[in-house]
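Place chain B on chain A using the hints.
So the chains spell out like this:
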Amino acid sequence: MIANLRVIRTTFELDIKQQAVDLFMIFGVVIQPLLIAIMAIYMLLERDASRGIYVVVGSGMTGLWTSLLFRGTFNINAERFMGTLEGIVASPTSLASVVLGKTLASVSLSLLSMIFSYGLASVVFRLPLSIAQPAVFVASLLVTILAFISFGLLISPLMAVNLSLTGWVNALEYPMYILGGFLFPILLLPGWSNPFSYLLAPYWAARVLHAASSGTATPAEILLSWSMMLLLGALYIAASYRLFRIVLRRARVEATLSLM
Amino acid sequence: MNAIEVRDLHRVFRATIGTIRRKTREVVAVDGISFDVRDGELFGLLGPNGAGKTTTVKMLTTLLIPTSGSATILGHDIVKNADAIRSRIGFIFGGERGLYWRLSAKDNLRYFADLYHVDPDVAKQRLPELLELVGLSGREDERVEGYSRGMRQRLHVARCLLHDPQVLFLDEPTMGLDPVGARDLRQVINNLVAQDKTVLLTTHYMFEADALCERVAVINHGKIVALDTPEGLKRHVEDLSVIELEVFGIAPKMVDLLRQIPDVHTVSVENRDQKQALRVHSHLGSAIVPQIMQRLDGNGVSIGRVTVREPTLEDAYVRLVGGEA
Numbered sequence: 001m002i003a004n005l006r007v008i009r010t011t012f013e014l015d016i017k018q019q020a021v022d023l024f025m026i027f028g029v030v031i032q033p034l035l036i037a038i039m040a041i042y043m044l045l046e047r048d049a050s051r052g053i054y055v056v057v058g059s060g061m062t063g064l065w066t067s068l069l070f071r072g073t074f075n076i077n078a079e080r081f082m083g084t085l086e087g088i089v090a091s092p093t094s095l096a097s098v099v100l101g102k103t104l105a106s107v108s109l110s111l112l113s114m115i116f117s118y119g120l121a122s123v124v125f126r127l128p129l130s131i132a133q134p135a136v137f138v139a140s141l142l143v144t145i146l147a148f149i150s151f152g153l154l155i156s157p158l159m160a161v162n163l164s165l166t167g168w169v170n171a172l173e174y175p176m177y178i179l180g181g182f183l184f185p186i187l188l189l190p191g192w193s194n195p196f197s198y199l200l201a202p203y204w205a206a207r208v209l210h211a212a213s214s215g216t217a218t219p220a221e222i223l224l225s226w227s228m229m230l231l232l233g234a235l236y237i238a239a240s241y242r243l244f245r246i247v248l249r250r251a252r253v254e255a256t257l258s259l260m
Numbered sequence: 001m002n003a004i005e006v007r008d009l010h011r012v013f014r015a016t017i018g019t020i021r022r023k024t025r026e027v028v029a030v031d032g033i034s035f036d037v038r039d040g041e042l043f044g045l046l047g048p049n050g051a052g053k054t055t056t057v058k059m060l061t062t063l064l065i066p067t068s069g070s071a072t073i074l075g076h077d078i079v080k081n082a083d084a085i086r087s088r089i090g091f092i093f094g095g096e097r098g099l100y101w102r103l104s105a106k107d108n109l110r111y112f113a114d115l116y117h118v119d120p121d122v123a124k125q126r127l128p129e130l131l132e133l134v135g136l137s138g139r140e141d142e143r144v145e146g147y148s149r150g151m152r153q154r155l156h157v158a159r160c161l162l163h164d165p166q167v168l169f170l171d172e173p174t175m176g177l178d179p180v181g182a183r184d185l186r187q188v189i190n191n192l193v194a195q196d197k198t199v200l201l202t203t204h205y206m207f208e209a210d211a212l213c214e215r216v217a218v219i220n221h222g223k224i225v226a227l228d229t230p231e232g233l234k235r236h237v238e239d240l241s242v243i244e245l246e247v248f249g250i251a252p253k254m255v256d257l258l259r260q261i262p263d264v265h266t267v268s269v270e271n272r273d274q275k276q277a278l279r280v281h282s283h284l285g286s287a288i289v290p291q292i293m294q295r296l297d298g299n300g301v302s303i304g305r306v307t308v309r310e311p312t313l314e315d316a317y318v319r320l321v322g323g324e325a
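So the protein lines, in turn, are chains A and B. So in the working numbering, spot 243 of the first sequence is number 243, and the numbers just go up one at a time. So in the working numbering, spot 272 of the second sequence is number 272, and the numbers just go up one at a time.
To be clear, the hints were calculated from the coordinates, so they are not data collected in a lab. Don't be surprised by glycine CBs; every beta carbon is placed ideally from N, CA and C. Wrong hints could be hidden among the right ones.
Claimed, not checked - Okay, the calculated bits of chain A under chain B, using three or more residues with CB under 8 Å as the criterion:
| hint | segment |
| --- | --- |
| 1 | 7-17 |
| 2 | 77-85 |
| 3 | 91-101 |
The shape of chain A in the complex, shown without the other chains (with noise of 0.2 Å):
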């Protein structure tokens, strides 16, 4: 157990280094947030100044699932193309913890989406930004970090299970702004499209982080994000458990742990 702690957290030291050196990654989690936030408060600005801290939680958001989708997309599969892949698995340590190590150092980096967002909004475009339930808001915030550390522990071996399916990471970075109500509530989407958003975790919690920063977050509307973001967790852990093990054997069956 201490030990494969103690993989958890070196495998989140040192994959913090290598994704700090990351032109790809500085891109997902700085550059692209902050276009994504320009443009939003050019959007909403227009309309109420006062809805700075949306654009500031939804563009920070954006730079939280764009880092947890290409990482969790990659985390095995790099290790693959990079040859150490075989390394880890003929190692006593379990590759979910290393996977857990890579997750846990995405969703840490991609937090700085939402201080840089946070930042250009109040000293660029002088937003008056404020957290209208602090507490609330960090609460639900270690909750969605829960939540989309779930999620990428299910994003990585289900990548790595067929690998055609990294074709189209692209294809689902959109997507989830739009169904997760990042940017916008869903309630401006077609009706028939709100379930798929119901079944994301992504989606709770951008609902709870809004809602605790505009000020609306009631205890009805807490407990219900929480619940659902533990409970979708949950079950994105289950599966990703199934498919962990579904990807070892496999790769030791059709010999793919290794390209050469």
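Frame of chain A, contents of chain B only:
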């Protein structure tokens, strides 16, 4: 006690070809091999490219599941007890991959120490020792992407030894190293055996197998075609002489023509810059040279120096694999 026991091990790969009419093609990589490696022995697995060496090592290191047959490492089954094996073995696969290039050597070793559940205090003590052993002391804080091929290969050796494994699988560990680097690595391997480690080494280099291994299994087309000490293998060709000819522009068709000469056992060709070294095994010795020259001359092949010599382990190997080396 045997550290490694392999019984009738098979591995078949299935590949799908075609887009509309998809067909499944089966490739037999390992075809019923059996051998034992004694505790503390340095055992060699010798064979040409595609012979099944790496597939065998990947099965024994629990990275591949055999199609049939069985194998045990230190008494543990490679399929049923993979977890019990993993902390007791170390492996190196030839090449530069398998390391985190954006991290320093020290970070790489620290990470693999954690993956292998090495106690942090032990790791702290062992890291400088291993870096010293592989000659990377003073360079440990540099990123691996700036390392030469030889340095990366040496880092692999240090990584492989971090958790003090009892059994080591070294798959062409000296591949691509310069002669000095390869010699140093062979010295490291010798030291490991002196420390009672069991080593299974695969290699292309005959002199390496001859110098290091107590016993050698020659593998070809997935089957073991001979298993003996290097001296024992040389006896396979003691009745033969080796005729070496320096030739220019010999075509594969010509090599086949030479193979048809009665009393010629094997013919192999090695490319050396613009010329080729043609090696013919025959029990007739120099008496067969005129027949060879006649066939080559008649087909417009230029011939340089011709020598007749006693066979070596390499010649035994060439004969065993039918001139495919």
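These are the hints, each one checked on the structure:
no.: 1; hint: 7-17; in the structure: holds (count 5)
no.: 2; hint: 77-85; in the structure: holds (count 3)
no.: 3; hint: 91-101; in the structure: holds (count 4)
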